[in-house]
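2 protein chains.
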Amino acid sequence: MKRPMKRISILVLAAAAGACAIASMAFTAGGAGDQGSPIYGITIPAGYRQWELISIAHEAGDFNDLRAVLGNAVAVKAFRDGTLPFPDGTIIARLAWKHTPSAANNKVFGREQSFVAGDATNVQFMVKDSKKYAATGGWGFAQFKDGKSADEALIKTCFPCHEPGKEHDLVFTYYAP
Amino acid sequence: MKRPMKRISILVLAAAAGACAIASMAFTAGGAGDQGSPIYGITIPAGYRQWELISIAHEAGDFNDLRAVLGNAVAVKAFRDGTLPFPDGTIIARLAWKHTPSAANNKVFGREQSFVAGDATNVQFMVKDSKKYAATGGWGFAQFKDGKSADEALIKTCFPCHEPGKEHDLVFTYYAP
Numbered sequence: 333m334k335r336p337m338k339r340i341s342i343l344v345l346a347a348a349a350g351a352c353a354i355a356s357m358a359f360t361a362g363g364a365g366d367q368g369s370p371i372y373g374i375t376i377p378a379g380y381r382q383w384e385l386i387s388i389a390h391e392a393g394d395f396n397d398l399r400a401v402l403g404n405a406v407a408v409k410a411f412r413d414g415t416l417p418f419p420d421g422t423i424i425a426r427l428a429w430k431h432t433p434s435a436a437n438n439k440v441f442g443r444e445q446s447f448v449a450g451d452a453t454n455v456q457f458m459v460k461d462s463k464k465y466a467a468t469g470g471w472g473f474a475q476f477k478d479g480k481s482a483d484e485a486l487i488k489t490c491f492p493c494h495e496p497g498k499e500h501d502l503v504f505t506y507y508a509p
Numbered sequence: 333m334k335r336p337m338k339r340i341s342i343l344v345l346a347a348a349a350g351a352c353a354i355a356s357m358a359f360t361a362g363g364a365g366d367q368g369s370p371i372y373g374i375t376i377p378a379g380y381r382q383w384e385l386i387s388i389a390h391e392a393g394d395f396n397d398l399r400a401v402l403g404n405a406v407a408v409k410a411f412r413d414g415t416l417p418f419p420d421g422t423i424i425a426r427l428a429w430k431h432t433p434s435a436a437n438n439k440v441f442g443r444e445q446s447f448v449a450g451d452a453t454n455v456q457f458m459v460k461d462s463k464k465y466a467a468t469g470g471w472g473f474a475q476f477k478d479g480k481s482a483d484e485a486l487i488k489t490c491f492p493c494h495e496p497g498k499e500h501d502l503v504f505t506y507y508a509p
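First to last, the protein sequences are chains A and B. The opening position of the first sequence corresponds to residue 333 in my numbering, with each subsequent residue numbered one higher. The opening position of the second sequence corresponds to residue 333 in my numbering, with each subsequent residue numbered one higher.
Warning: the hint list may mix true and false statements.
Note: identical chains are not told apart, hence a pair may lie in one copy or across any two.
Calculated lysine-lysine pairs in the BS3-like style (CA-CA distance at most 30 Å, straight line) [stated by the list, open to error]:
1. Lys463 <-> Lys480
2. Lys477 <-> Lys439
3. Lys488 <-> Lys439
4. Lys498 <-> Lys430
5. Lys439 <-> Lys498
6. Lys477 <-> Lys464
7. Lys409 <-> Lys439
8. Lys409 <-> Lys477
9. Lys488 <-> Lys477
10. Lys409 <-> Lys464
11. Lys409 <-> Lys463
12. Lys498 <-> Lys463
13. Lys488 <-> Lys409
To be clear, the hints were calculated from the coordinates, so they are not data collected in a lab.
Full structure from sequences and hints, please.
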């Protein structure tokens, strides 16, 4: 009876592994979505978390977050050189996390003053393609939460919100040396 | 009379250029200092501004800053893998800028809520070398402002301040995914 048992175990393991692989594929595909963001079709750029830091910010109020702006190589060069408009190929990533008090840090400082990056909220991308996105100042927009794109109603608000930043090519962030 | 004048001008220019080169060398040498930080002898690591982002924070109170923690390749791998203690060769950089209201951003949001990275305050480094810095938990410390090291009195406070962070190998920062 040993051999069949072993064979079944192997089959079960193989099936489990297969299911995991499929689940993992589904997660990847369903994550950024094959179609990407509504309107602009932007998917999550590979390796964006490894991009260089442009600057950071703190949005109080309803956002209540700490945010970091990262850029791909084209973006970083343009930010440093002050190139305007940003060249095609620029991708800017805005990460954000809840503005979260740190009890451990406050203990060290002896006062309530320390806030750190808590749970991630969402990540946004601006992609420069002056032809493809000519109707929106050359920029495509995207926002993802846990790998899922925001809906069209939200994505529609990106361009009009960024329009007041015309003098800096719709980009609110400046390089922090 | 033209030739001698020209020759003198060239000599003056050459002397000026020489003086600039020396001044520039002095600035570089005097900046990070050949000796680096007191006690630990740490100089400013080349290219640290291009390192990957570990996390960000906001210190209110007297600091009133926004800070970003970057790491070299050894640091980033250790943070991501949760390796403790941090391996020798780890270098962690803490950059900080004044927590500065952004009138431009507030206008877009229609309320006073936006704070960005203003003037740089100082940059700190922690360097892991378990033998060289055995007396201070394996860490060497440094702080620079405009390229100049903080004095010994300040650098002496680094280790005792970081000691409460023993459980995370004296490092207060955690990786923000």
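Results of checking the hints against the structure:
1. Proximity of Lys463 to Lys480 under the C-alpha cut-off of 30 Å is restricted to the intra-copy arrangement: shortest distance 26 Å within a copy versus 47 Å between copies.
2. Within a single copy, Lys477 and Lys439 get their C-alpha atoms only as close as 32 Å, which misses the 30 Å cut-off; across copies the closest is 26 Å, which meets it.
3. In this homomeric assembly, Lys488 and Lys439 come within 30 Å of each other (Cα to Cα) only across copies, at 20 Å, whereas the closest approach inside a single copy is 44 Å.
4. Taking the shortest Cα distances, Lys498 and Lys430 sit within 30 Å of each other both inside one copy (28 Å) and across copies (25 Å).
5. For the identical chains of this complex, Lys439 and Lys498 are inter-copy neighbours only, at 14 Å across copies versus 44 Å inside a copy, given an alpha-carbon limit of 30 Å.
6. Taking the shortest Cα distances, Lys477 and Lys464 sit within 30 Å of each other inside one copy (25 Å), while across copies they are farther apart (44 Å).
7. Taking the closest pair of Cα atoms, Lys409 and Lys439 come within 30 Å of each other only across two copies (28 Å); inside a single copy the shortest separation is 40 Å, beyond that limit.
8. In this homomeric assembly, Lys409 and Lys477 come within 30 Å of each other (Cα to Cα) both inside a single copy, at 28 Å, and across copies, at 24 Å.
9. Taking the shortest alpha-carbon separations for Lys488 and Lys477, only the intra-copy value of 17 Å comes in at or below 30 Å, while the best inter-copy value is 43 Å.
10. In this homomeric assembly, Lys409 and Lys464 come within 30 Å of each other (Cα to Cα) only inside a single copy, at 22 Å, whereas the closest approach across copies is 37 Å.
11. Taking the closest pair of Cα atoms, Lys409 and Lys463 come within 30 Å of each other only inside a single copy of the chain (21 Å); across copies the shortest separation is 39 Å, beyond that limit.
12. In the homo-oligomer, the alpha carbons of Lys498 and Lys463 lie at most 30 Å apart inside one protomer (18 Å), although the nearest pairing across protomers, at 54 Å, exceeds that limit.
13. Taking CA atoms no more than 30 Å apart as the test, Lys488 paired with Lys409 passes inside one copy only; the shortest distance there is 29 Å, against 38 Å between copies.
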